[in-house]
Amino acid sequence: MSALNRLQITWRAAQDIQDGQVVNLGIGLPVHCSDYLKDDVDVILQSENGVVGVGPLAEKDKADTDLVDAGSRRITLRPGASIIDSSWSFAMIRGGHVDVTILGAFEVASNGDLANWDMRVPNRGPLVGGAMDLAACAREVWVIMEHVTRKGAPRLLEKCALPLTAVRCVSRVYTDLAVVDVTPQGFVVREFVDGISRDELQAKTGAPLAFAPDCKPLKTPAIAVTD
Amino acid sequence: MPIDKRVRFEDALDGVPDGATVFISGFGGAGFPNALLRALRERGPKNLTLVVNSATHRYSLTHELIAADMVRKVICTAARGHDKEPSPFETRWMAGKIELEMVPQGSFTERIRAGGAGIPAFYTPVGFGTELAEGKEVRRFGDRDYVMETAITGDLALVRADTADRLGNLIFNYAQMNFGPVMATAAKLAVAEVRTVSDEPLPHDRIQLPGTYVDRVVAV
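In the order they appear, the protein sequences are chains P and U. 6 is the number that the working numbering gives to position 6 of the first sequence; each next residue is one higher, with no gaps. 423 is the number that the working numbering gives to position 196 of the second sequence; each next residue is one higher, with no gaps.
Chain U extracted, bound-state conformation (with noise of 0.2 Å):
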């Protein structure tokens, strides 16, 4: 039977359990998954953790998440809102309601990268001696001092992409990269929302994230 990915938008999220861990995938207005953060909200689960860049951007729906009482913990590099009253997020962590896990963004990245990749953990120089690596294995490799940071795996992962096929390929528009490959290798699940989905497979020198990585497309 030819590989088919596309499902309809009402079952991109099928299975998505109560306690999952969901990467999300976008930075600065680019790349944000918004028609899965949405329709994820109206699924409801509960007890979730999201790995996503930030807790607070306010392109990214990833908030209604937070203030719908779904997320347990947030793992991300910037939790900072942007108005002058508390976003969602700092008003239930200041609340001891939600956990947050800082990471500077490369660490973030790699991290991500390396569970997608089968590599547990690695050393990596940034974040030595701040409080970010506290209670974090340093070791000294020639005359420098590194962090060991732990890979991240997840249940899902929502991404949004420009174009994909039939098989999952997937190609970004600009800076929708992001963090949008990495996410996918890492999750059990990579459901992909795109803004058109090709009826042909796409050129193969354009292609940007194999489909081997991506479990669902929908065009949204």
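So that you can see chain P by itself, here it is in the shape it has in the complex (with noise of 0.2 Å):
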């Protein structure tokens, strides 16, 4: 079975991303999305904390430590892009002129619910951050995420077990298996990797999967995950 690493979940994401859009990545894996994305695509992206127009990770000995992501990342601007304060930043969020948001996350419920922000792991305290801000507000949500946990279980479910998000938000998930539409009628895969059946990628997800007329093999490069 031809399962994708990690950076190949993020480069299929990046295909879709149109041009023109107002694009917010999540922390972790998502933020790898823009270093993927179609040629003659432009996008301006959005970091919670205030930037509008993040450019690539700034060199180190270039780098302004107020000049930072939503990840604490010392970063660069591109032309043309705008500092504002958090309150416009969440106002831009909140008001739905932000046309896609790409998060990572540990569930997604066949409705669209998200469960991305608390893990209940023990001794630790929680951490909200923009996530339910983005995840109820951003016009489009897809997530990323692998499709099993390490232990196996689904993570694509009828019902989210962890502390919700937001709920009836998501539109899309890419996982190492499988590009799935959440539509009102549930989950329907659009593509799926190689090397695997229908009642296999069925067996691995904790919701019915209904196939696309036209579902395609899941095709990407070949990219190697370094660190």
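Incorrect hints may appear among the rest.
Taking lysine to any residue pairs in the SDA-like style, the calculated list, with each CA pair at most 25 Å apart, reads [said to hold, decoys possible]: (1) U:LYS300 - U:LYS324; (2) U:LYS363 - P:LYS62; (3) U:LYS324 - P:ALA161; (4) U:LYS300 - U:GLY246; (5) U:LYS232 - U:VAL447; (6) U:LYS324 - U:TYR401; (7) U:LYS311 - P:ARG120; (8) P:LYS159 - U:ASP372; (9) P:LYS62 - U:VAL447; (10) P:LYS159 - U:GLU361; (11) P:LYS62 - U:ARG422; (12) P:LYS159 - U:ASP370; (13) P:LYS62 - U:ASN261; (14) U:LYS311 - P:PRO126; (15) P:LYS62 - U:GLY256; (16) P:LYS151 - P:SER197; (17) U:LYS363 - P:TRP88; (18) U:LYS311 - P:MET119; (19) P:LYS60 - U:ASN261; (20) U:LYS415 - U:THR377; (21) P:LYS159 - U:TYR373; (22) U:LYS311 - P:ARG74; (23) U:LYS363 - P:MET119; (24) U:LYS324 - P:VAL121; (25) P:LYS219 - P:ARG198; (26) P:LYS60 - U:ASP389; (27) U:LYS363 - P:ARG150; (28) U:LYS363 - P:ALA161; (29) P:LYS60 - U:ARG371; (30) U:LYS311 - P:ARG150; (31) U:LYS324 - P:ASN123; (32) U:LYS311 - P:VAL121; (33) U:LYS311 - P:THR149; (34) P:LYS60 - U:LYS363; (35) U:LYS363 - U:MET329; (36) U:LYS415 - P:TRP88; (37) P:LYS62 - U:THR390; (38) P:LYS159 - U:ARG371; (39) U:LYS300 - P:PRO122; (40) U:LYS324 - P:THR149.
Read the hints as simulated data drawn from the structure, not as lab findings.
Each of the two chains sits in its own frame; use the hints to bring them together as a complex.
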């Protein structure tokens, strides 16, 4: 079975970002989507701390400690970027001015419910950050995650078991095995990898899967994960 | 008498009482008022409520106030430590010695904005259907459910900026701005620490926070 590695998942998600969109990439894996945009696609990357037009990461000797993204990474600005305060930044998010957000997740339910903020880790404090704002208010919410947990349990479910981030918000999920749309009728598989059957994919999923009439193989270029 | 908000560093936090609600600016390493946080720790008021994006960020000295047991409650969006050992906040929170109010970041900053803008409460779609909305009023507008969030006001705002002038006008460096402007508007006493204070009033079209919101400035 040719499961994707995590950078290949981000590559696949990045292919769906459209020219001219305002995009917020979640911390962790989703920020790597900016490395794999199609050549002719020019987008504005919005960061919740107020950077509208995030550029590439800063080189060490040129980094400014006051120029960071939502993941505290030292960044540069793209030409035409601007910086606003947090209230304006979240007004931008809440007001529906961000076209797409791509987020990591623990679980997604077949009605679009998302759980991605609290894993109930014992002895650790909670951390919500801007996850609820992005999930509830970006015009489209896409998720990148492994299809199953490390123990093999499904992450695509009838109902999330972990605390919710937002209800009925996810429209598309990219996993190492499949691209799955969340529709009013539940999960619909758009693409899945070679070497796995529909039944095997269903067995790794905790809710019924439908398959799109034009369902295609999920293919990406080879991308090495170095770290 | 010409307006002059410049103060000596040792006077910057005069009059901060026990039980104060304190705003602390900063996000991701940008805009932490660490000189003022150290000064507040040395003054040692007790039973503080901190309103700060992260209770645990490694580059902020917020944790020193918590470790000194000066803090009764934290209103924040992030309270998870970075190291294997629990952070000063987490140990006290788990022991029931400190109260936590976790707020989605957009609601956090909008609650502070509202506090400084004369709005007692507002409705937001964020958090609906989650445990962070438990106990809050829910109201339907159109085809969507909204959660009522109330304003936050406070006694003291500690804000980091780049440049000030004697009128208290502030210019921020890049993403240093974050929560600074709204926090200054919502506090009775707003104190800004800056890299430098300009001898001349700042250029009108570069000022990002009018000095009317800032009570004291100090170069650090």
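Outcome of the hint check:
1. For the suggested pair LYS300 (chain U) and LYS324 (chain U), the alpha carbons sit about 9 Å apart, so the restraint of at most 25 Å is met.
2. Restraint check for LYS363 (chain U) and LYS62 (chain P): not satisfied, since their Cα atoms lie roughly 46 Å apart, outside the 25 Å limit.
3. Taking the CA atoms of LYS324 (chain U) and ALA161 (chain P), the gap is about 29 Å. The hint is violated against a cut of 25 Å.
4. Taking the CA atoms of LYS300 (chain U) and GLY246 (chain U), the gap is near 10 Å; set against the 25 Å cutoff, the hint holds.
5. Simply put, LYS232 (chain U) and VAL447 (chain U) have alpha-carbon atoms about 15 Å apart, close enough for the 25 Å limit, and the pair holds.
6. As the CA atoms of LYS324 (chain U) and TYR401 (chain U) are separated by approximately 37 Å, the hinted pair breaks the 25 Å bound.
7. With a C-alpha separation of about 16 Å, the suggested pair LYS311 (chain U) and ARG120 (chain P) falls inside the 25 Å cut-off, and the hint holds.
8. Distance check on the hinted pair: LYS159 (chain P) and ASP372 (chain U) sit about 20 Å apart at the alpha-carbon level, within 25 Å; holds.
9. At most 25 Å may separate the alpha-carbon atoms for a hinted pair to count; LYS62 (chain P) and VAL447 (chain U) meet this at roughly 23 Å.
10. In summary, the hint linking LYS159 (chain P) to GLU361 (chain U) is supported, as the alpha carbons are separated by about 19 Å, within the 25 Å threshold.
11. For the given pair, LYS62 (chain P) sits about 19 Å from ARG422 (chain U) by alpha-carbon distance, which is consistent with the 25 Å threshold.
12. For the suggested pair LYS159 (chain P) and ASP370 (chain U), the alpha carbons sit about 22 Å apart, so the restraint of at most 25 Å is met.
13. Restraint check: the Cα-Cα separation between LYS62 (chain P) and ASN261 (chain U) comes to about 23 Å, which is no more than 25 Å; the hinted pair holds.
14. A C-alpha spacing of about 15 Å is found between LYS311 (chain U) and PRO126 (chain P), which places the hinted pair at or below 25 Å, so the restraint holds.
15. Restraint check for LYS62 (chain P) and GLY256 (chain U): satisfied, since their Cα atoms lie roughly 16 Å apart, inside the 25 Å limit.
16. With a C-alpha separation of about 21 Å, the suggested pairing of LYS151 (chain P) with SER197 (chain P) holds against the 25 Å cut-off.
17. The suggested pairing of LYS363 (chain U) with TRP88 (chain P) holds, with an alpha-carbon distance near 24 Å, which does not exceed 25 Å.
18. A distance of roughly 16 Å separates the Cα atoms of LYS311 (chain U) and MET119 (chain P); the hinted pair therefore holds under the 25 Å criterion.
19. With a C-alpha separation of about 23 Å, the suggested pair LYS60 (chain P) and ASN261 (chain U) falls inside the 25 Å cut-off, and the hint holds.
20. In summary, the hint linking LYS415 (chain U) to THR377 (chain U) is supported, as the alpha carbons are separated by about 18 Å, within the 25 Å threshold.
21. The straight-line distance between the Cα atoms of LYS159 (chain P) and TYR373 (chain U) is roughly 22 Å, inside the 25 Å bound, and the hint therefore holds.
22. At most 25 Å may separate the alpha-carbon atoms for a hinted pair to count; LYS311 (chain U) and ARG74 (chain P) meet this at roughly 24 Å.
23. For the hint linking LYS363 (chain U) to MET119 (chain P), the alpha-carbon distance of about 23 Å falls within 25 Å, and the restraint holds.
24. Our distance criterion of 25 Å between C-alpha atoms is met by LYS324 (chain U) and VAL121 (chain P), whose separation comes to about 20 Å.
25. Among the hinted pairs, LYS219 (chain P) with ARG198 (chain P) is consistent with the structure: their alpha-carbon atoms are about 16 Å apart, no more than 25 Å.
26. Taking the CA atoms of LYS60 (chain P) and ASP389 (chain U), the gap is about 21 Å. The hint holds against a cut of 25 Å.
27. Pair hint LYS363 (chain U) plus ARG150 (chain P) does not hold up; C-alpha atoms about 36 Å apart against a cutoff of 25 Å.
28. A distance of roughly 22 Å separates the Cα atoms of LYS363 (chain U) and ALA161 (chain P); the hinted pair therefore holds under the 25 Å criterion.
29. The straight-line distance between the Cα atoms of LYS60 (chain P) and ARG371 (chain U) is roughly 46 Å, outside the 25 Å bound, and the hint therefore fails.
30. Among the hinted pairs, LYS311 (chain U) with ARG150 (chain P) is consistent with the structure: their alpha-carbon atoms are about 21 Å apart, no more than 25 Å.
31. Annotation: proposed proximity of LYS324 (chain U) to ASN123 (chain P) holds, straight-line Cα distance about 14 Å (limit 25 Å).
32. The suggested pairing of LYS311 (chain U) with VAL121 (chain P) holds, with an alpha-carbon distance near 12 Å, which does not exceed 25 Å.
33. Between LYS311 (chain U) and THR149 (chain P) the alpha-carbon distance is near 22 Å, which keeps this suggested pair within the 25 Å criterion.
34. Using a Cα cut-off of 25 Å, the hinted pair LYS60 (chain P) and LYS363 (chain U) is violated, with the two alpha carbons roughly 45 Å apart.
35. Under the criterion of a C-alpha separation no larger than 25 Å, the hint pairing LYS363 (chain U) with MET329 (chain U) is consistent with the structure, at around 13 Å.
36. At most 25 Å may separate the alpha-carbon atoms for a hinted pair to count; LYS415 (chain U) and TRP88 (chain P) meet this at roughly 22 Å.
37. Proposed proximity of LYS62 (chain P) and THR390 (chain U) is supported: the alpha carbons are some 21 Å apart, at most 25 Å.
38. A distance of roughly 21 Å separates the Cα atoms of LYS159 (chain P) and ARG371 (chain U); the hinted pair therefore holds under the 25 Å criterion.
39. Between LYS300 (chain U) and PRO122 (chain P), the direct Cα distance comes to roughly 21 Å. Compliance with the 25 Å bound is thereby established for this hinted pair.
40. As the CA atoms of LYS324 (chain U) and THR149 (chain P) are separated by approximately 35 Å, the hinted pair breaks the 25 Å bound.
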